[in-house]
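Enquirer: Residue strings, one per chain:
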Amino acid sequence: MSKQETDHQGLESEVTEKLQSQATELVERLNAGDYAAAMTVINDLSEVRDQSLYREVGRLTRSLHEAIRNFQIDPRNAEQSEALSKMTDASDRLEYVVQMTSKAANRTMDLVEEAMPRASSMRDEAAELRDEWQRLRRREMKPAEFRALYARIDTFFVTLNHDASATYDNLSEILLAQDFQDLTGQVIQKVTALVKEVEEHLLSLVVMAGHVDKITGTVYEPAEEERKPVSAEQGVGPQIKADELENVMSGQDDVDDLLSSLGF
Amino acid sequence: MKILIVDDFSTMRRIIKNLLRDLGFTNTDEADDGNTALPMLKSGKYDFLVTDWNMPGMSGLDLLKEVRADENLKTLPILMVTAEAKRDQIVAAAQAGVNGYVVKPFTAAVLKEKIEKIFERIQ
Chain A
59 MSKQETDHQG LESEVTEKLQ SQATELVERL NAGDYAAAMT VINDLSEVRD
109 QSLYREVGRL TRSLHEAIRN FQIDPRNAEQ SEALSKMTDA SDRLEYVVQM
159 TSKAANRTMD LVEEAMPRAS SMRDEAAELR DEWQRLRRRE MKPAEFRALY
209 ARIDTFFVTL NHDASATYDN LSEILLAQDF QDLTGQVIQK VTALVKEVEE
259 HLLSLVVMAG HVDKITGTVY EPAEEERKPV SAEQGVGPQI KADELENVMS
309 GQDDVDDLLS SLGF
Chain B
2 MKILIVDDFS TMRRIIKNLL RDLGFTNTDE ADDGNTALPM LKSGKYDFLV
52 TDWNMPGMSG LDLLKEVRAD ENLKTLPILM VTAEAKRDQI VAAAQAGVNG
102 YVVKPFTAAV LKEKIEKIFE RIQ
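Taken in sequence, the protein lines are chains A and B. Basically our numbering = 1-based index in the first sequence + 58. Basically our numbering = 1-based index in the second sequence + 1.
Hints are computed from structural coordinates only; laboratory data are not their basis. Only a predicted model underlies this, so the values are computations on that prediction, with no experimental measurement involved. A virtual CB, placed ideally from N, CA and C, is assigned to each residue, including glycine. A few of these clues could be false.
Simulated DEER-style distance windows between Cβ atoms [said to hold, decoys possible]:
#1 B:Val92 - A:Asp301: 18 to 24 Å
#2 B:Gly45 - A:Val265: 30 to 36 Å
#3 B:Val92 - A:Leu234: 25 to 31 Å
#4 A:Glu153 - B:Asp23: 29 to 35 Å
#5 B:Pro106 - A:Ala290: 54 to 60 Å
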């Protein structure tokens with residue numbers, strides 16, 4: 059983009075010089091009373107204007123072409139580059155992020171749901187055995203009951219060993235399921251880079267269009283686009299940087315305060 | 002106690018379902034937006050509604066308004082669990098007659114507290 063800017067400036071100074079020298083010449087001719095020559099100079103002047111306009115339009119067309127090509131996924135492969143733009147790729151990538159995060163969340167919840175009943179049955183069995191054990195220590199237990207407890211503790215140790223190691227496996231799989239952050243993070247960073255790139259290209263297009271307007275002397279009122287406020291009724295989604303925004307609650311405490319001020 | 006959970010993301014429905022189960026509420030159903038939820042509410046004899054705000058189709062706020070406007074449903078306790086955190090929105094939800102408002106991301110403790118508070122007030 060910086061190269062284009064210097065080009066523009068080079069062109070403009072060239073044009074300005076020409077305009078200045080021709081303007082001086084025009085004044086000289088007029089002062090000398092040479093109207094025929096003055097008309098020629100006026101013609102030349104408008105030609106300079108036209109030429110610079112054509113050059114600017116040409117430049118705009120080339121840059122536009124370049125910008126459009128820059129949006130393509132693989133410029134080396136013409137067929138593919140037409141079929142797949144980077145933008146399509148970006149939405150595919152974001153779709154992939156949604157899939158990955160959803161898969162990870164479900165995988166984690168599967169493992170948690172598997173581990174929870176095991177944990178609660180371990181807890182319940184341990185609590186019952188603790189009570190029985192207390193009875194034994196208080197010597198409240200009959201020999202037959204003791205024999206039953208003896209066998210039950212035996213089984214409990216075996217189950218405990220098995221359940222604890224299964225739970226350990228679940229936890230370590232849950233840990234692994236967090237790898238989505240790395241993968242989706244990379245994808246999102248790529249898409250962010252693309253968005254920035256697109257923004258730059260668009261900006262340079264706007265600058266180019268501005269130059270054309272300047273050369274041609276086109277002035278138009280930018281239509282006062284009525285910016286449609288995003289309907290809060292429909293919902294606007296999570297607030298990013300909630301701390302910095304007014305009228306946005308930055309957490310449950312803020313919400314509670316607001317609601318209690320409303321009489322909740 | 003029969004509860005309907007409305008959220009367009011199945012993972013969030015699953016999280017809420019799990020949290021509710023931990024709180025002892027095991028009889029839950031799910032819907033993915035207001036349009037699906039409303040007929041279920043009308044025919045299903047639900048005791049409690051937990052809804053998201055931002056959903057395709059009918060939003061949570063519209064669902065809230067529909068429920069309050071329905072003669073048979075208007076007293077149904079409604080908890081909103083949502084990422085919507087604008088002041089105006091919370092005021093709008095309060096005016097529409099929500100019983101509790103939890104902003105995402107939330108904790109199990111917050112959800113428990115709000116649900117208990119709602120039932121305390123009803124009893």
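Enquirer: Which of the listed hints are not met by the structure?
Expert: Those not satisfied are hints 2, 3, 5.
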